[in-house]
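Undergrad: Each chain is listed here by its residues.
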Amino acid sequence: MSSDALAAGFVRCSSCERLWPAAQPEKAARCGRCGAALAARKPDSLRRSWALLIAAAICYVPANLLPVMIVSGPGGSEADTILSGVVSMFGAGWYGVGVLIFFASITVPVLKMLILFALLVSVQRRWAWSPRDRTRLYRIVELVGRWSMLDMFVVSVSVALVQLGAVATVEPGIGATFFAAVVVLTMFAASSFDPRLIWDATPRK
Amino acid sequence: MIACEFCDLLHRPPRLEAGQKAYCARCGGSIAKRSRNPIEGTFALTLAALMLLVLANYFPFLSFALEGQVQANRIVTGVIGLWNAGQAGLALLILFTTVLAPAVRILGLLYVLAPLAAGRVPPAVAGALRFQEGLISWAMLDVYMMAMLVAIVKLSQMAEVHLELGAYCFVALFAMLTAMATAYDREALWDRVEELA
Amino acid sequence: MSADNGPGTATGQDAGPQEPVVKGRRRLSAIWLIPAVVAVVAGTLAYRAILDRGPQVVVVFESAEGLKAGKSKVQYREVEVGSVDEVKVRDLEHVEIHVSLDPRLHPFVTQDMAWWVVRPRMSGGVISGLQTIVSGAYLTFEPGSKGKPQTREFTGLEEPPIPASNRPGLDLVLHTDEVGGLQAGSHLYFRDIEVGDVLHYALAQDGKSVEVQVIVEDAYARWVTSHSRFWNAGGVDVSVGAEGLDVKTESLASIVGGGIAFDSPAGGEPAKDGDVFWLHSSRADVAQSESTHGGLGLVLETGSLGGVSLGNPVYYRELPVGAVVSHGLAKDGRTVQVRVNVERRYESLVRSNTVFWNASGISADLGLSGLHVHAESLKSLRSGGVGFATPPEPGLPVEDGSVFELHPEVKQKWLEWQPDFSAGKPASPGEPHAGASFFHHEGKTEAQAAEAAAEPQPGAQKHGFLRRLFGGHDGSAKPK
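If you're matching them up, the sequences are chains B, H and F in order. FYI, the numbering for the first sequence is 102 to 306, going by the numbering used here. FYI, the numbering for the second sequence is 313 to 509, going by the numbering used here. FYI, the numbering for the third sequence is 6 to 485, going by the numbering used here.
Think of the hints as simulated: they come from the structure by calculation, not from any bench. Hints are supplied without guarantee of correctness; some may be wrong.
Said to hold, decoys possible - Keeping only pairs whose Cα atoms sit at most 30 Å apart, straight-line, the calculated DSSO-like set for lysine-lysine is: (1) B:LYS143 x H:LYS345; (2) F:LYS336 x F:LYS151; (3) F:LYS153 x F:LYS93; (4) F:LYS213 x F:LYS76; (5) H:LYS333 x B:LYS143; (6) F:LYS277 x F:LYS151.
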């Protein structure tokens, strides 16, 4: 007998974790305790995740090509993309900070998108990849994803601080909005994905 | 019985003591926890967090001095600056993740916890709890703090940068939110709701 | 595995007495310390933030050029004491600047507080406010007087005000015919040292002279006395004299910026705020209007000036023998003191029982002989003056600084006095004008002086000389 809830006929309420019998096929089933709509799996999980993931990937291109921060001083203004910002930090000798920004703004989003991509494909193609590992990866993606907002916050803080008129001013560039979009879209993509699908797709031996 | 949210495996309900956590036998995901003082404690922390939220946003958080000109600004100033520069979407997002999400979470919890602590069930408990739980991952104060550090490092080559009162309140707020997350025990809350209903 | 719902099953009941279920005690858990501490901290901060708030003020200007909300500051004497919170448009012509001030300014935010913006400006040839190009324009003010009613809305001045009353120093008013190169900011010199500035000048009320407001720094204020003479020292003074071309100038600064110099011959009282002096057009002019050693300075007290103004002549029998040097309020504030100077050669006309009157204007009376119109002369009719006469039995000669009453009008009998100066006692040894110097001439009376020189007896000389002088208007000498 399957030890999986669904196979055993139970549905887990996603907000209060109560188990209910899955007998009634009515769409309008509601949790008896908290009133949330009951669903065995996250609704439309694969389709939504794909859509959001692709949108994020599209935004990622301008996010890196367009400048995210513009610093103006008496000598003129300097526009930086994420990459050029990292490069200039290395140039100034700040390896620690440079690595951090590189990691948060480039490595993390890319890995996140790649992992989600892999997870989605693995479910649809029924790969034999260890479901436990995949579930672990999924948890990591969910937790770490928000950290890619780091550089955007740095821009915001810089804008907040450096408002000294002709002497020095910091403004955000358009790239920042695209980058924020990437982060938001990937966060939604991850939360739309139902990891239980991994286990559903892997036949238990 | 409990089903794992990651792999759907059924488990017998664990008997946990305060402070213990239970994990899925198959995939290792967290399935249950029991915290000390789930209602009163969380309530106290949430109140403290609310006050700190107000302080952290009202007082300037960093000051920047260059050529004799000093600017000490609040967190909101950055948001306004982004808005004025045309990056409205980014401005709203940052406002949401640093101010609104924590605020809604705090207020939502208070809305639930205060009556529960006093012995009553507030209307729409479920909705409120669901709502504020969803916002946990959207409150990115820890990321913001790291960003402050990075910005300080970057800007201190240009000028003198100092941490002001708002920054300390912000750190305290973050600590409070983390403590709240630890003290938050959904099962205990629902148990109390059922007791009182 | 059973298919039942619900929470975990309880264990079966044991037989026998059971442990009572102990409910958690309702004690105040230590966790409440945290919000308590935070509440206290927050409360203190909020309390301080609100109480420490200084006055919030709105200043209305025509334009907010240079001022930025949240950035521009308010400075007073180079110290930052406030900042601009908001810049709002009130209507098509006006802008509101909302300002938060340091709480210490509270007592000064009264009706007479003056606000203006410091930005790069040029006025009167002086450029100011250049530092604001880098630092940004800022607001500054003159604090209001403490006692006055408080207000929170002000109309800002478009130009910085004349900083007259609040600068430390002695405020004086000088009257002159021509401004001649003077500007606001021109300096005052005493013995070639810069001791003060010109604050401001404007046409006098009656349009007859220009009023120049000056200030002498406190450290030098004591050098200004009631006897001080002021002259326009700006530019270059060129005169052709017996020695040839004479070029005088106070300093390079005064060539460019104009300047005023003064000296203070011995005697006289220290000047007070508000004292009025005549500003001569040049040093030569000073010398011309008074004899070299200053003549006899007298103080005339009267209820009101009544038309007497600076430079007015002092008449003896319709002949100018001196001039009004300055005027101001007496120490007790009740009378006006007019300081006059009688030229050296005429000093002995003034005796202890001399009467002075205000000769400005006309007095008329209708008498048996018809309408008599008294006026010292057409000159005084126009511009005022002081007349005096000495009784037939002249009293003692007076010393410098003597005080007389200035009668508001002449009395007929005074005009008829014919004093016999020979009956008077000779001049006291202290007075340096006995004898030879009496014949010291400055211009017009050369003929008379020459004639007087021909008569060797001092006492009789005086008498005869005077007789000759005052016998008639044409100045011809009449032998005794």
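Undergrad: All hints are to be evaluated individually against the structure, with a verdict given for each.
TA: Hint-by-hint comparison with the structure:
1. Pair hint B:LYS143 plus H:LYS345 holds up; C-alpha atoms about 23 Å apart against a cutoff of 30 Å.
2. A distance of roughly 26 Å separates the Cα atoms of F:LYS336 and F:LYS151; the hinted pair therefore holds under the 30 Å criterion.
3. Distance check on the hinted pair: F:LYS153 and F:LYS93 sit about 28 Å apart at the alpha-carbon level, within 30 Å; holds.
4. Taking the CA atoms of F:LYS213 and F:LYS76, the gap is near 49 Å; set against the 30 Å cutoff, the hint is violated.
5. Taking the CA atoms of H:LYS333 and B:LYS143, the gap is about 25 Å. The hint holds against a cut of 30 Å.
6. Among the hinted pairs, F:LYS277 with F:LYS151 is consistent with the structure: their alpha-carbon atoms are about 24 Å apart, no more than 30 Å.
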